[in-house]
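Q: Starting from the known structure of chain A, fit chain B onto it as the hints suggest.
Chains A and B are the protein sequences, given in the same order. The first sequence lines up with residues 1 to 121 when you count with our numbering. The second sequence lines up with residues 1001 to 1199 when you count with our numbering.
By construction, these hints were calculated from the structure, which means they are not laboratory data. All C-beta atoms in this analysis are idealised placements derived from N, C-alpha and C, irrespective of residue type, glycine included. Be aware that one or more of the hints could be misleading.
[Claimed, not checked] Taking CB as the label site, the calculated pair distances span:
#1 A:Leu-96 to B:Leu-1181: 21 to 31 angstroms
#2 B:Pro-1151 to A:Ile-80: 16 to 26 angstroms
#3 A:Thr-66 to B:Thr-1155: 13 to 23 angstroms
#4 B:Trp-1134 to A:Arg-88: 20 to 30 angstroms
#5 B:Thr-1155 to A:Arg-53: 43 to 53 angstroms
#6 B:Val-1175 to A:Ile-80: 16 to 26 angstroms
#7 B:Ala-1127 to A:Arg-53: 32 to 42 angstroms
#8 B:Thr-1142 to A:Asp-94: 37 to 47 angstroms
#9 B:Leu-1039 to A:Leu-83: 12 to 22 angstroms
#10 A:Arg-95 to B:Ala-1033: 43 to 53 angstroms
#11 A:Asp-54 to B:Met-1101: 39 to 49 angstroms
#12 B:Leu-1039 to A:Glu-101: 36 to 46 angstroms
#13 A:Leu-96 to B:Thr-1155: 42 to 52 angstroms
#14 B:Thr-1155 to A:Leu-83: 14 to 24 angstroms
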Amino acid sequence: MHLVYPAVLAALLFCTGLYGVLARRNAILVLMSVELMLNAVNLNLVAFDVWLRDTLHAGQALTLFTIAIAAAEIGIGLAIVLLVYRNRGTADIDRLRDLHEDAPGPDAGHGDREEKAEAAA
Amino acid sequence: MTGTAALAAQAHGTHTLAAQTQGFLSTSGVEIAFLLVGLVTLGAALVTVTTRQLVHAALWLVVTLGGLAVEYLLLTAEFIAWVQVLIYVGSVVVLLLFGLMLTKAPIGRSPDADSGNRYPALGVAGAAAVALVWVVADAFRTTWIELDGAPQGTTKVSGEFLFRNWVLPFEALSVLLLAALVGAVVLSRRKNAQAGEKR
Chain A
1 MHLVYPAVLA ALLFCTGLYG VLARRNAILV LMSVELMLNA VNLNLVAFDV
51 WLRDTLHAGQ ALTLFTIAIA AAEIGIGLAI VLLVYRNRGT ADIDRLRDLH
101 EDAPGPDAGH GDREEKAEAA A
Chain B
1001 MTGTAALAAQ AHGTHTLAAQ TQGFLSTSGV EIAFLLVGLV TLGAALVTVT
1051 TRQLVHAALW LVVTLGGLAV EYLLLTAEFI AWVQVLIYVG SVVVLLLFGL
1101 MLTKAPIGRS PDADSGNRYP ALGVAGAAAV ALVWVVADAF RTTWIELDGA
1151 PQGTTKVSGE FLFRNWVLPF EALSVLLLAA LVGAVVLSRR KNAQAGEKR
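Here chain B stands alone, though its shape is the one from the complex:
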């Protein structure tokens, strides 16, 4: 009798515990939006790496990066979302398009966009995907992100943590950007002094 009572109390305890924690698919709007945008992002990424039209690959990359910016917004990292839009969609994709045009990429379908090791690559990527998704889903099965409360990535918060705790890496990064700028200029400059005599 006492055993069944204890069992019932235990069952009641687990029941209240299960009621307190959320279900696996708690139907909050943020999660649904995250899933839908994530599907669009993943689909655009797959088209980016498989399409045979080189310019279309760059344009699908825009969809992928924009979808990731929306995901950052849904994770309340607002400043990072706008930085993503500005730098990736604004400059990196434009640089890639310039690169495609300067290397005289074919406009239509190019049959040799994929190299010969396509199927080994598919095997490696598939094995990595299965292993990573298995491990990640098993590890974080019971963790939830609390998105309530103050948003954690507004511009005010970002400015505070960036210029209070991360000033030195920030400045070092500006030196790195300067070095990259000089390096790109040096690499792409025509060496007229030497090449002018030979050509």
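Only chain A is shown next, with the shape it has when bound in the complex:
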């Protein structure tokens, strides 16, 4: 098999995930796009491992490790997203602008949310 096919497919999948990470608003959709990027890397690792006929099979071992780390990452990421949703009432990442430089200060309408965030801190 030509090596270009898996390599190009991995590159295109990675760029699809990149677009999703940059363009999506919901945090869980961003996590899905991160999974796409990780899978593209996995495909590259497997293809190059099979091509090189490595005796240690470093590519396949690293693929297994990447899959395990991705599972851990999705668990922690979803826990963080659920915590943010519980405190803020939204999972949209472009509304979490508290660290923005000219963000409006906490006004009266946000008092409830501020209190909740304080309670969770």
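A: For chain B alone, kept in the frame of chain A given last:
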């Protein structure tokens, strides 16, 4: 005369060389299957990042990950394909669906699934795709994967290399999974001792 003979010999040599190496599109069944499954995978990935229905995005992600598992099978990495099916399709997508439902994601079309920086994102991703595909296709234009011979990723082979050469990273990974488990529990636990008084 000798010059033409040498030229002819040279041409003959390149001809036999070209006959020995495969053509760019050698029509083997594995390549055709890889291309077709790759097209389905890429299309499902594109739908995943562009659809406006959040639950549908997770379901299209299943198609993408399953297609990648088939690609692993075609690359003779059998064990990785089944691990992919078990962990990604089996648990990660279920976790994502749970996350979507726990954050009360809208079931129908949500008009604000994409943020405002959609077109800059499209530009960045398109530029990255063009650059990566150009470089990769130029670099590996003349390399082929030999899929003949013993398969390189059967469960026997995987067990041997994993537990002979990679035992220490494997064990370290189990510690990492334990740390992630504890971290997720700590993060998602309600702090009743403090919050109970204020709420």
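Q: Indicate, hint by hint, whether the structure satisfies it.
A: Status of the hints after comparison with the structure:
{"no.": "1", "hint": "A:Leu-96 to B:Leu-1181: 21 to 31 angstroms", "verdict": "26 angstroms, holds"}
{"no.": "2", "hint": "B:Pro-1151 to A:Ile-80: 16 to 26 angstroms", "verdict": "40 angstroms, violated"}
{"no.": "3", "hint": "A:Thr-66 to B:Thr-1155: 13 to 23 angstroms", "verdict": "19 angstroms, holds"}
{"no.": "4", "hint": "B:Trp-1134 to A:Arg-88: 20 to 30 angstroms", "verdict": "42 angstroms, violated"}
{"no.": "5", "hint": "B:Thr-1155 to A:Arg-53: 43 to 53 angstroms", "verdict": "18 angstroms, violated"}
{"no.": "6", "hint": "B:Val-1175 to A:Ile-80: 16 to 26 angstroms", "verdict": "21 angstroms, holds"}
{"no.": "7", "hint": "B:Ala-1127 to A:Arg-53: 32 to 42 angstroms", "verdict": "34 angstroms, holds"}
{"no.": "8", "hint": "B:Thr-1142 to A:Asp-94: 37 to 47 angstroms", "verdict": "45 angstroms, holds"}
{"no.": "9", "hint": "B:Leu-1039 to A:Leu-83: 12 to 22 angstroms", "verdict": "39 angstroms, violated"}
{"no.": "10", "hint": "A:Arg-95 to B:Ala-1033: 43 to 53 angstroms", "verdict": "45 angstroms, holds"}
{"no.": "11", "hint": "A:Asp-54 to B:Met-1101: 39 to 49 angstroms", "verdict": "42 angstroms, holds"}
{"no.": "12", "hint": "B:Leu-1039 to A:Glu-101: 36 to 46 angstroms", "verdict": "45 angstroms, holds"}
{"no.": "13", "hint": "A:Leu-96 to B:Thr-1155: 42 to 52 angstroms", "verdict": "44 angstroms, holds"}
{"no.": "14", "hint": "B:Thr-1155 to A:Leu-83: 14 to 24 angstroms", "verdict": "39 angstroms, violated"}
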